[in-house]
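S.K.: The chain contents come next:
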Amino acid sequence: MSTTEGDQNSEDTWARVHGGAEFQELRRRLRGFVFPMAVLFLAWYLLYVLLADYAHGFMSTKLVGNINVGLVFGLLQFVSTFVITALYVRHANRKLDPIADKIRAEVESEVADK
Amino acid sequence: MSTLAQSIEGSNPALNIGVFGLFVLVTLVVVLRASRNTKTASDYYAAGRSFSGPQNGTAIAGDYLSAASFLGIAGAIALYGYDGFLYSIGFLVAWLVALLLVAELLRNTGKFTMGDVLAFRMRQRPVRAAAATSTLAVSFFYLLAQMAGAGILVSLLLGISGEAGQNLVIAVVGVIMIVYVLVGGMKGTTWVQIIKAALLITATAAMTIWVLGRYGFNLSELLQGAVDKAGAGGEALLNPGAKYGISEMSKVDFLSLGIALVLGTAGLPHVLMRFYTVPTARDARRSVVWAIVLIGLFYLFTLVLGYGAGALVGPEQIANAPGGENSAAPLLALELGGPILLGFIAAVAFATILAVVAGLTITASASFAHDIYANVIKKGKEDSKAQEVKVARITALVIGAVAIVGGILAKNQNVAFLVALAFAVAASANLPTILYSLFWKRFNTSGALWSIYGGLSVTVVLIIFSPAVSGNEDAMFPSADFDLFPLSNPGLVSIPLSFFFGWLGTMLSKEHLEGKYKEMEVRSLTGAGAEKATQH
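Quick note, the sequences are listed as chains A and B, same order.
Reading the first sequence from the start, the letters are residues 1 to 114 in UniProt numbering.
Reading the second sequence from the start, the letters are residues 1 to 536 in UniProt numbering.
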């Protein structure tokens, strides 16, 4: 655990890795994906809640048979959740994991040496 | 409430008890086998971090899909139509918060509990005490709701009508749960969740196909069936507003509930703890993906089951049945497959309560033993981890006893607000603290204490003065009248306030921990130095 290895040497190591170009790239790739995506799905969910709450007429409009706008909107929330999950997994597998693995290997060999 | 004292007509209590007994027997054997390898603290709390992503994802679904979702949402859709569906969506979308912002980073920075993540860069003792307090509070409210739900289910499905008989069944459920946790630790509990999730999802899938088959696999026909069966005004079932559209205040209340649901999940302690049972952050990601797929499918099934119960059983019969809207799914099972299917569904519902209660108990006991006992009382100097696990086991015993007594006392109470309270506390006290801790470098001890204690107290105070507790006939104390706050769910007010408290508390303190944050960020993003799986 961190508390047992809080000596100055290892703190310098962490700070150096943190400032390195590779880590900054990893950080940018993670935050650049998850923050906008979180804002997007929360806004999309909030839009749905507000429509279901205040736009009853619109949500009750029938499209095909008894399937109305509200039901389609609700099912689209399922679809968007599945799609965002898939997009994130793809992003993480391709763009995050390779750099993260590389940095971890470096850090762990370095910290172990001290 | 006296109507609860009779069971559903056509139900066969002996059969129901038989199927449930079989479930208990099978899971106990599994738990005993799993317990052979439970030796260290990591084994007891985190199952040696040895579960795979798919296994843990199934267990997450088992932990998350409580009897409230199964019986409650299907019933709400059967009676109120579209408005019941809104719950399902909030409960599902919430998992994106866990997937994108919490699961992997948490797995990389902690060991067993939420307190570990906070203690990484802040002063250990105060933040661990705070984290354990909110963990215990959320677990307690959630536990009480589940145990009270067990009481209702007992009268509904087993036909046990006497006061003493119901209390006995609640006690039996509690004792079985304690055995799971004490003997099996996290590994045994996880296997119970996996078995339960598999049973629940298989049973609801089969019923969904059965219902759709009756309507030629045409959703529109099924909806028409529900509208026709409801009689005059049945058309309203298809549209939003039947439950929450009554007044302007109920609309705001719905918005508040919607926000608490979507932000509460990623702060539920028994969900957070599940991320530690896998070997790496990548497996934590995989488990959330599995959980999202299983939970999403389950909520799609409940949509069909809810409207199916409305169409095949009818809202009138459901509302008049013992247990009211909670009886929709069991009545539908009876209609479709007779007493045998009902017996199976009844057993699954019991298994659901049992598994969720076990998951909560192990989380609460881990938080007490690991955060409060080992790090606050013993100041982290406890030399034997065995002692810590012993304390965790004793705590589990105490929590189990509290759950039994609480469940007996709360069994005739309105329990929906307890679940809402648990989500509101999780969203207010836990989520802001976790997010600040993982993403904000300026965040410090004072900020964490402000957001946890501030969020917890605001939520509890607003609930006490809400219409859920007093001022109307559905309230916990119908005769009293101190509902000064108009919303049943405080999320709309308490969540933004908690984020504000976290910011204010941070700014008021001169403590700077940016150096430690750099280490934490490298660790959380790369998994360097993260806790490894144990080998047996």
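FYI, nobody ran anything at the bench for these hints, they're computed from the structure.
Watch out, some of these pointers could steer you wrong.
List time: in silico DSBU-like cross-link candidates among lysine-lysine, alpha-carbon distance up to 30 Å [claimed, not checked]: (1) B:Lys251 x B:Lys390; (2) B:Lys510 x B:Lys385; (3) A:Lys62 x B:Lys251; (4) B:Lys441 x B:Lys379; (5) B:Lys243 x B:Lys516; (6) B:Lys532 x B:Lys516; (7) A:Lys62 x B:Lys229; (8) B:Lys510 x B:Lys378; (9) B:Lys385 x A:Lys102; (10) B:Lys243 x B:Lys229; (11) B:Lys518 x B:Lys441; (12) B:Lys518 x B:Lys390; (13) B:Lys379 x B:Lys532; (14) B:Lys516 x B:Lys111; (15) B:Lys510 x B:Lys379; (16) B:Lys390 x A:Lys95; (17) A:Lys102 x B:Lys516; (18) A:Lys95 x B:Lys229; (19) B:Lys111 x A:Lys95; (20) B:Lys39 x B:Lys378; (21) B:Lys510 x B:Lys39; (22) A:Lys102 x B:Lys378; (23) B:Lys381 x B:Lys518; (24) B:Lys441 x A:Lys95; (25) B:Lys111 x B:Lys229; (26) B:Lys516 x A:Lys95; (27) B:Lys379 x B:Lys516; (28) B:Lys532 x B:Lys518; (29) B:Lys381 x B:Lys516; (30) B:Lys381 x B:Lys229; (31) B:Lys518 x B:Lys251; (32) B:Lys379 x B:Lys390; (33) B:Lys39 x B:Lys251; (34) B:Lys39 x A:Lys102; (35) B:Lys378 x B:Lys251; (36) A:Lys102 x B:Lys111; (37) B:Lys441 x B:Lys510; (38) A:Lys62 x B:Lys243.
S.K.: Please go over all the hints and tell whether each is borne out by the structure.
M.R.: A quick look at each hint next to the structure:
1. Of the pairs offered as hints, the one joining Lys251 of chain B and Lys390 of chain B is violated, with about 49 Å between alpha carbons and a cut-off of 30 Å exceeded.
2. For the proposed pair Lys510 of chain B and Lys385 of chain B, the alpha carbon gap of about 35 Å is over 30 Å, so the pair is violated.
3. Taken as a hint, the Lys62 of chain A and Lys251 of chain B pair is honoured in the structure, with Cα atoms around 23 Å apart against an allowance of 30 Å.
4. Between Lys441 of chain B and Lys379 of chain B, the direct Cα distance comes to roughly 26 Å. Compliance with the 30 Å bound is thereby established for this hinted pair.
5. Using a Cα cut-off of 30 Å, the hinted pair Lys243 of chain B and Lys516 of chain B is violated, with the two alpha carbons roughly 49 Å apart.
6. A threshold of 30 Å between alpha carbons decides the hint, and for Lys532 of chain B with Lys516 of chain B the separation of about 22 Å falls inside it, so the pair holds.
7. Between Lys62 of chain A and Lys229 of chain B the alpha-carbon distance is near 20 Å, which keeps this suggested pair within the 30 Å criterion.
8. Annotation: proposed proximity of Lys510 of chain B to Lys378 of chain B holds, straight-line Cα distance about 28 Å (limit 30 Å).
9. A distance of roughly 33 Å separates the Cα atoms of Lys385 of chain B and Lys102 of chain A; the hinted pair therefore is violated under the 30 Å criterion.
10. Of the pairs offered as hints, the one joining Lys243 of chain B and Lys229 of chain B holds, with about 19 Å between alpha carbons and a cut-off of 30 Å not exceeded.
11. Under the criterion of a C-alpha separation no larger than 30 Å, the hint pairing Lys518 of chain B with Lys441 of chain B is consistent with the structure, at around 8 Å.
12. For the hint linking Lys518 of chain B to Lys390 of chain B, the alpha-carbon distance of about 35 Å lies beyond 30 Å, and the restraint is violated.
13. About 24 Å separates the Cα atoms of Lys379 of chain B and Lys532 of chain B, which keeps this hinted pair within 30 Å; it holds.
14. Our distance criterion of 30 Å between C-alpha atoms is met by Lys516 of chain B and Lys111 of chain B, whose separation comes to about 17 Å.
15. In summary, the hint linking Lys510 of chain B to Lys379 of chain B is supported, as the alpha carbons are separated by about 24 Å, within the 30 Å threshold.
16. A hinted pair counts as satisfied when its Cα atoms are at most 30 Å apart, and Lys390 of chain B with Lys95 of chain A does not qualify at roughly 43 Å.
17. At most 30 Å may separate the alpha-carbon atoms for a hinted pair to count; Lys102 of chain A and Lys516 of chain B meet this at roughly 22 Å.
18. For the suggested pair Lys95 of chain A and Lys229 of chain B, the alpha carbons sit about 53 Å apart, so the restraint of at most 30 Å is broken.
19. Between Lys111 of chain B and Lys95 of chain A, the direct Cα distance comes to roughly 26 Å. Compliance with the 30 Å bound is thereby established for this hinted pair.
20. The suggested pairing of Lys39 of chain B with Lys378 of chain B holds, with an alpha-carbon distance near 21 Å, which does not exceed 30 Å.
21. Restraint check for Lys510 of chain B and Lys39 of chain B: the C-alpha separation of about 43 Å exceeds 30 Å, so the hint is violated.
22. Among the hinted pairs, Lys102 of chain A with Lys378 of chain B is inconsistent with the structure: their alpha-carbon atoms are about 38 Å apart, more than 30 Å.
23. Simply put, Lys381 of chain B and Lys518 of chain B have alpha-carbon atoms about 26 Å apart, close enough for the 30 Å limit, and the pair holds.
24. Of the pairs offered as hints, the one joining Lys441 of chain B and Lys95 of chain A holds, with about 24 Å between alpha carbons and a cut-off of 30 Å not exceeded.
25. Under the criterion of a C-alpha separation no larger than 30 Å, the hint pairing Lys111 of chain B with Lys229 of chain B is inconsistent with the structure, at around 54 Å.
26. Proposed proximity of Lys516 of chain B and Lys95 of chain A is supported: the alpha carbons are some 26 Å apart, at most 30 Å.
27. At roughly 20 Å between alpha-carbon atoms, Lys379 of chain B and Lys516 of chain B fall within 30 Å of each other, so this suggested pair holds.
28. Among the hinted pairs, Lys532 of chain B with Lys518 of chain B is consistent with the structure: their alpha-carbon atoms are about 21 Å apart, no more than 30 Å.
29. Proximity of Lys381 of chain B to Lys516 of chain B is assessed by CA-CA distance (about 22 Å); at most 30 Å being required, the pair is judged to hold.
30. Between Lys381 of chain B and Lys229 of chain B the alpha-carbon distance is near 66 Å, which puts this suggested pair outside the 30 Å criterion.
31. Distance hint between Lys518 of chain B and Lys251 of chain B is unfulfilled; the C-alpha atoms sit about 44 Å from each other, more than 30 Å.
32. Of the pairs offered as hints, the one joining Lys379 of chain B and Lys390 of chain B holds, with about 17 Å between alpha carbons and a cut-off of 30 Å not exceeded.
33. For a cut-off of 30 Å, the pair hint linking Lys39 of chain B to Lys251 of chain B is broken: about 52 Å separates their Cα positions.
34. Between Lys39 of chain B and Lys102 of chain A the CA atoms are separated by roughly 33 Å; this puts the pair beyond 30 Å, and the hint is violated.
35. A hinted pair counts as satisfied when its Cα atoms are at most 30 Å apart, and Lys378 of chain B with Lys251 of chain B does not qualify at roughly 49 Å.
36. The hinted pair formed by Lys102 of chain A and Lys111 of chain B meets the criterion: a straight-line CA distance of about 23 Å does not exceed 30 Å.
37. The hinted pair formed by Lys441 of chain B and Lys510 of chain B meets the criterion: a straight-line CA distance of about 13 Å does not exceed 30 Å.
38. Note on Lys62 of chain A and Lys243 of chain B: the hinted pairing holds, with a Cα-Cα distance of about 20 Å set against a maximum of 30 Å.
Comparing the model with each numbered hint stated earlier shows that hints 1, 2, 5, 9, 12, 16, 18, 21, 22, 25, 30, 31, 33, 34, 35 do not hold.
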